[in-house]
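If you read the sequences in order, they're chains A and B. Residue numbers 1 to 263, in the working numbering, belong to the letters of the first sequence in order. Residue numbers 1 to 215, in the working numbering, belong to the letters of the second sequence in order.
You may find that some hints are simply not true.
Stated by the list, open to error - Reference listing, derived: stretches of chain A covered by chain B, where coverage requires no fewer than 3 residues with Cβ under 8 Å from a Cβ of chain B: (1) 11–21; (2) 30–42; (3) 181–191.
If you're looking for bench data, these hints aren't it; they were derived computationally from the structure. Keep in mind that this is a model prediction, so the values were computed, not measured. By construction, the Cβ of each residue, glycine as well, lies at the ideal position given by its N, Cα and C atoms.
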Amino acid sequence: MFTNRYIFTYSSVMVILVAAILSTASMVLKPYQEANIRAEKIQGILASANIQTSRKDAEENFRKHILEEIAVDTAGNVVMKTTDGKTEWTKEGEKIKNAVKYTRPFDINLKEELALEEEARQGKATRSPIFPLFKMKNNGKEYYVVPVRGTGLWGPIWGNIAFEKDFNTIAGATFDHKGETPGLGAEIKTAWFEDEFKGKTIFDKDRHFVSVAVVKGGVKNSNIPLIHGVDAISGGTITSHGVDKMLRTCLKNYVPYIEKNIQ
Amino acid sequence: MSNNRESLFSAKNRKLLLTPLSKENPITIQVLGICSALAVTVKLQPAFVMAVSVMAVLAVGNVLISALRKTIAPRIRIIVQLVVIASLVILVDQVLKAFVYDISKQLSVFVGLIITNCIIMGRFEAFAMSNKPWPAFLDGIGNAAGYGLILIIVAFFRELFGSGTLWGYKVIPQGFYEFGYKDNGLMILPPMALIVVGIIIWVQRSKDKELIEDK
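Make the full structure from the sequences, and use the hints.
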């Protein structure tokens, strides 16, 4: 027979033991996991500009291909700039310098900034949101790489969009997700879906921002011009909608910067 | 001494390992673990890694529970089992994330969902609580293999007819598509997994008459 005292002691010891094992495992493995996540982020940025790299060489390749890391605010000003590992804050940046803990645009937490942007539109943000932008070079061509982030069916989806020098034509796109359904929503990270974006443009001929739509039932059968739309994934409707919304909400933050600096 | 010791792979122990593959298959006979069989069988690769992860959790968990079985008070046995499963699954998930990041990404939430896989609790409760660690280990491996086998068969058909690929490689020649062949979109949706499992059960029962109930 087991007494109550035994049961209480048994469960307490068990719980403490398990907690100790799990937190030790988590602490020991954390550096490896974080290195993986960081390298993967770099891989995504490089891959969108059509530079393939293994996870091991990611850091090195990033240094080789990056021209400039920039952070821009929603008014189109550059607030922070990192070149060759040196970070500078501009005049506009001085205002928010102390409110953020980022040391370079690469570290910007897109999720927080997007939430802040949402708040800013309702007029209750504590500071102006800033968004990262990477200027890359590969084979003599320059690219602007924009990281994007949104929600799919089961969790977050994210990606990187590389633009040609005109900041209008998409040179490449990569997507990834936390837990979309394999074979359906998870198809956003396959080459056929990503390749659809190449050559599409985000501004119409009057220079209005239109983004790139992800169209259910095919672009051909819709009233969206071919150059501004891609086909959605059959069976992955909600994830496709998520990509569509993600592109719209993330890319629009760069429109003031584009209008000010390019064209 | 050595006479009354059973050999590691005696007939009885071999049976533990092999019957879950057919006569006592957790999916087709006991109809456990159906939920994950639907979710991860769209493609072969995740199905395979899922089977391996379940095998690791079930084998180690069975051994742990079996080793602790005399100390576990019956009143809290389910809680103890759950704690063991949950911690093992978290460990597996953390290790996958640190060392085989790509595979861990592919399985995403489904590793966490091993916790809710009924087969594992089922084996702890039905076998590990009343048997020695070594048979419990074999039972764990056997049942996970029986589960994995069905997963892989289902995933084979779903990937082949649903996406025209196997293990990510195109296997249906382009020529077929030019003649109007199309991948079956229904295959990649969950209901088709149930239908494929149903067909497997049908085939299995028509081959093995013992499995058919009297009435």
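Evaluation of the provided hints:
1. 11–21: Our answer is that it holds, as 5 residues pass the Cβ test (under 8 Å) against chain B, meeting three.
2. 30–42: With 4 residues close enough to chain B, the hint holds.
3. 181–191: holds (count 4)
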